[in-house]
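Trainee: Line by line, the protein sequences are chains A and B. If you read the first sequence in our numbering, its first letter stands for residue 50, the second for the next number, and so on. If you read the second sequence in our numbering, its first letter stands for residue 50, the second for the next number, and so on.
Hints were generated in silico from the structure; no laboratory data involved. No residue lacks a Cβ here, since even glycine has one placed at the ideal position from N, Cα and C. Treat the hints with care, as some may be off.
As the list claims (entries may be wrong) - If you want a taste of the chain B side facing chain A, the calculated C-beta under 10 Å gives, among others:
id	residue
1	Thr122
2	Val130
3	Leu154
4	Val227
For reference, the chains in residue letters:
There are 2 protein chains.
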Amino acid sequence: MIPDSKIRESAEKADLAPSLSAARVSTAGPIVRPTLHDEVVERLRALIVEGDLLPESRIPELVICQQLGISRTPLREALKVLASEGLVTLVPHQGAVVTKLGAELVDYMFQVLESLEPLAGELACSHMPQAAIDEVCRWHDQMMRHYKRRERGEFFHLNRRIHEAIVGGCGNPILIGVYQGLGSRVRYARYMVNLSTESWKQAVQEHREIRDALAARNGKRLARILKQHLRNKREYVKSALTTAK
Amino acid sequence: MIPDSKIRESAEKADLAPSLSAARVSTAGPIVRPTLHDEVVERLRALIVEGDLLPESRIPELVICQQLGISRTPLREALKVLASEGLVTLVPHQGAVVTKLGAELVDYMFQVLESLEPLAGELACSHMPQAAIDEVCRWHDQMMRHYKRRERGEFFHLNRRIHEAIVGGCGNPILIGVYQGLGSRVRYARYMVNLSTESWKQAVQEHREIRDALAARNGKRLARILKQHLRNKREYVKSALTTAK
DNA sequence: ATTTCGCATTATGTATACCATTTTCACCAC
DNA sequence: GTGGTGAAAATGGTATACATAATGCGAAAT
Numbered sequence: 050m051i052p053d054s055k056i057r058e059s060a061e062k063a064d065l066a067p068s069l070s071a072a073r074v075s076t077a078g079p080i081v082r083p084t085l086h087d088e089v090v091e092r093l094r095a096l097i098v099e100g101d102l103l104p105e106s107r108i109p110e111l112v113i114c115q116q117l118g119i120s121r122t123p124l125r126e127a128l129k130v131l132a133s134e135g136l137v138t139l140v141p142h143q144g145a146v147v148t149k150l151g152a153e154l155v156d157y158m159f160q161v162l163e164s165l166e167p168l169a170g171e172l173a174c175s176h177m178p179q180a181a182i183d184e185v186c187r188w189h190d191q192m193m194r195h196y197k198r199r200e201r202g203e204f205f206h207l208n209r210r211i212h213e214a215i216v217g218g219c220g221n222p223i224l225i226g227v228y229q230g231l232g233s234r235v236r237y238a239r240y241m242v243n244l245s246t247e248s249w250k251q252a253v254q255e256h257r258e259i260r261d262a263l264a265a266r267n268g269k270r271l272a273r274i275l276k277q278h279l280r281n282k283r284e285y286v287k288s289a290l291t292t293a294k
Numbered sequence: 050m051i052p053d054s055k056i057r058e059s060a061e062k063a064d065l066a067p068s069l070s071a072a073r074v075s076t077a078g079p080i081v082r083p084t085l086h087d088e089v090v091e092r093l094r095a096l097i098v099e100g101d102l103l104p105e106s107r108i109p110e111l112v113i114c115q116q117l118g119i120s121r122t123p124l125r126e127a128l129k130v131l132a133s134e135g136l137v138t139l140v141p142h143q144g145a146v147v148t149k150l151g152a153e154l155v156d157y158m159f160q161v162l163e164s165l166e167p168l169a170g171e172l173a174c175s176h177m178p179q180a181a182i183d184e185v186c187r188w189h190d191q192m193m194r195h196y197k198r199r200e201r202g203e204f205f206h207l208n209r210r211i212h213e214a215i216v217g218g219c220g221n222p223i224l225i226g227v228y229q230g231l232g233s234r235v236r237y238a239r240y241m242v243n244l245s246t247e248s249w250k251q252a253v254q255e256h257r258e259i260r261d262a263l264a265a266r267n268g269k270r271l272a273r274i275l276k277q278h279l280r281n282k283r284e285y286v287k288s289a290l291t292t293a294k
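Working from the sequences, and respecting the hints, build out all of it.
Mentor: Written out as structure tokens, the structure is:
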């Protein structure tokens, strides 16, 4: 599960919001050495989101400390942060457990996302530089090729990239931050989602419209499509959660 | 500023979301003793939101530890949480400072709130028990009496109570949580806001419509009014921020 | 006089040891 | 099997120590 025992090096973060966490420029900019607990937060978040730490599983301090080669202090600080993000739940004198994402919580989160992502899309239409839009379109075409070959993994990867690019391009760091927080919590529900052929086809069609609306910088239309897209997504994530359990 | 030196007792929390943090029932329910860092988080949050700790001011660990009568560990854990909420900014080897709320950030936050609070209002119209709605109406009437007497403090207090009751009544804990997070950050900008007679009058009129829409459980209409209400609010908060600095 | 270098001071980041409290669980009595 | 009882283990919190980086100040250099 947790392979190595020293983590001091890696600190990169698939960064959705270059405007939020100081964008690491190639050679210029201030030298920021991330603190240990920050890296621990990233690491644990990744473990949870990627599904290496399953919901409901406990997180014993000593074990993690040993596996990460750190002391309790930074780990405990990291757990507090993750708890405030909702990824783990802290029970006094009982420790941290990975928060379980019930169907009702997913419902609640999508309800919020269905309000935020359309807003982001609308803003992105007027704020994204043309180059970024072009890039999203390229990703879209690439995604379509994966769809034709029924390559699920690659498809979902690009799918997520597109959504994050749109949100990241909205120009509102607060919105980006909130979206990230919710997104990281809902993301690890994806592993149980096995899109049916029919739903997949529909999602593809919606993405086509998303690309067109974005390319045309038609904010209202993009917002409408994104909302519908999310509403469908919510449905099959929910059904996947209730059936597969 | 910080009067006492022991905080072990107080743990009550003007609770907007009884559904989120386990509602403390009068005599039943499990005995939960809040952990120390949780209380510290509350305490510091209050200090910041109430304006006792001014933006840009540093938060020296040792001083706060002494004033609160605690050791560094729980304080540091609390600071990490507040940082992840955006209330303080953590600079490595430099400590924590109260995040300054620039006009552009306020703009960004209102943009998100203008999307979330209408949603909450719409949901509240279908989810709030009649008793809660009646209570909001009573608060409204009381607020109006304060308005007639030009009692600013009491007016704002009830104003906030009403908004929080509506959001708290939406039935979506995720939405409530996000709103709380943003609200606590934007709230301490209120201290510089000095509503003009004209804007005040307008706000009162909007609140009248808010009450009517809520009482009629007209979700769409409430959403529309809340959005407009927030848009106006944003404008005078912004102008207050840019002029008063 | 201003800049710069070096050094002491200070505060933060992390580790470690220790204790209190609580949970867990095995064990035992009934 | 049910229900205490107590030891072991894990967590919450304190205290301390030390490494590292930021800050400030004085001396040296220009």
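Trainee: Are there hints from earlier that the structure breaks, and if so, what are their numbers?
Mentor: No numbers; nothing is violated.
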